[in-house]
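Peer 1: So the chains spell out like this:
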Amino acid sequence: GQQLNQSPQSMFIQEGEDVSMNCTSSSIFNTWLWYKQDPGEGPVLLIALYKAGELTSNGRLTAQFGITRKDSFLNISASIPSDVGIYFCAGQLSGGSQGNLIFGKGTKLSVKP
Amino acid sequence: NAGVTQTPKFQVLKTGQSMTLQCAQDMNHNSMYWYRQDPGMGLRLIYYSASEGTTDKGEVPNGYNVSRLNKREFSLRLESAAPSQTSVYFCASSGTAGGTQYFGPGTRLLVL
Numbered sequence: 001g002q003q004l005n006q007s008p009q010s011m012f013i014q015e016g017e018d019v020s021m022n023c024t025s026s027s028i029f030n031t032w033l034w035y036k037q038d039p040g041e042g043p044v045l046l047i048a049l050y051k052a053g054e055l056t057s058n059g060r061l062t063a064q065f066g067i068t069r070k071d072s073f074l075n076i077s078a079s080i081p082s083d084v085g086i087y088f089c090a091g092q093l094s095g096g097s098q099g100n101l102i103f104g105k106g107t108k109l110s111v112k113p
Numbered sequence: 001n002a003g004v005t006q007t008p009k010f011q012v013l014k015t016g017q018s019m020t021l022q023c024a025q026d027m028n029h030n031s032m033y034w035y036r037q038d039p040g041m042g043l044r045l046i047y048y049s050a051s052e053g054t055t056d057k058g059e060v061p062n063g064y065n066v067s068r069l070n071k072r073e074f075s076l077r078l079e080s081a082a083p084s085q086t087s088v089y090f091c092a093s094s095g096t097a098g099g100t101q102y103f104g105p106g107t108r109l110l111v112l
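Protein chains in written order, with my numbering: chain A, 1 to 113; chain B, 1 to 112.
Since the hints were made in silico from the structure, they are not lab data.
A portion of the hints provided could be inaccurate.
Here are some, though not all, of the chain B residues that point toward chain A, as calculated from beta-carbon distances under 8 Å [unchecked claim]:
{"#": "1", "residue": "M41"}
{"#": "2", "residue": "Q101"}
{"#": "3", "residue": "P105"}
Positions of the beta carbon are idealized from the N, C-alpha and C atoms, including for glycine.
My request is simple: use the sequences and hints to build the entire structure.
Peer 2: Written out as structure tokens, the structure reads:
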């Protein structure tokens with residue numbers, strides 16, 4: 001089946017640093033989504049991308065939908081302790097009516113205060 | 001506005017027992033989904049319901065059944081629980097089958 005390769009798997013950063021993570025796939029996606037999951041909670045949508053080349057910001061977060069439609073990245077600027085959590089990318093396949101999302105395995109972010 | 005709610009939050013079962021996980025959404029969404037999350041595996045789709053009255057298998061449907069009771073509610077049933085079904089289960093909903101999905105808080109299930 002389709003797979004998303006999300007990297008890095010985990011990262012430790014100093015508070016105030018910028019963070020980058022990305023997802024790549026061999027499949028073409030219609031939509032890219034980025035979610036954050038806090039411990040013991042469900043994933044919460046951060047950013048949704050609907051067009052190739054689209055660059056969207058949400059506060060300190062910026063995400064881009066790759067031109068080839070096979071990749072996406074998420075940047076977090078000036079990280080703070082509450083950025084800790086697991087970040088998931090998810091791609092929605094072209095065509096089909098079921099709206100299935102394919103999830104990456106997550107990037108675990110830890111921040112040193 | 002509660003969004004997506006799930007019950008129970010935690011459950012411990014013995015192998016062979018059955019149970020039903022409940023999910024409800026108050027956003028008037030047409031589509032609903034059940035995922036399981038295992039360490040290092042991300043989220044995998046079990047079943048989904050594109051609209052009221054329809055259900056379809058996802059990536060990992062074996063050992064599960066679902067019921068779309070009405071537009072608001074979508075339940076997941078384990079008829080005979082197995083240790084391999086120990087996981088965290090998430091329900092999600094979207095306005096349409098191709099729409100952005102919003103997740104509930106999850107049900108943590110341990111099968112002994």
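Peer 1: For every hint, state whether the structure bears it out.
Peer 2: Consistency of the hints with the structure:
Given the 8 Å rule on beta carbons, the hint for M41(B) holds: about 7 Å separates it from the nearest Cβ of chain A. For Q101(B), the suggested interface contact is upheld, since its CB lies about 6 Å from the closest CB of chain A, less than 8 Å. For P105(B), the shortest C-beta to C-beta distance to chain A is roughly 5 Å, which falls under 8 Å, so the interface hint holds.
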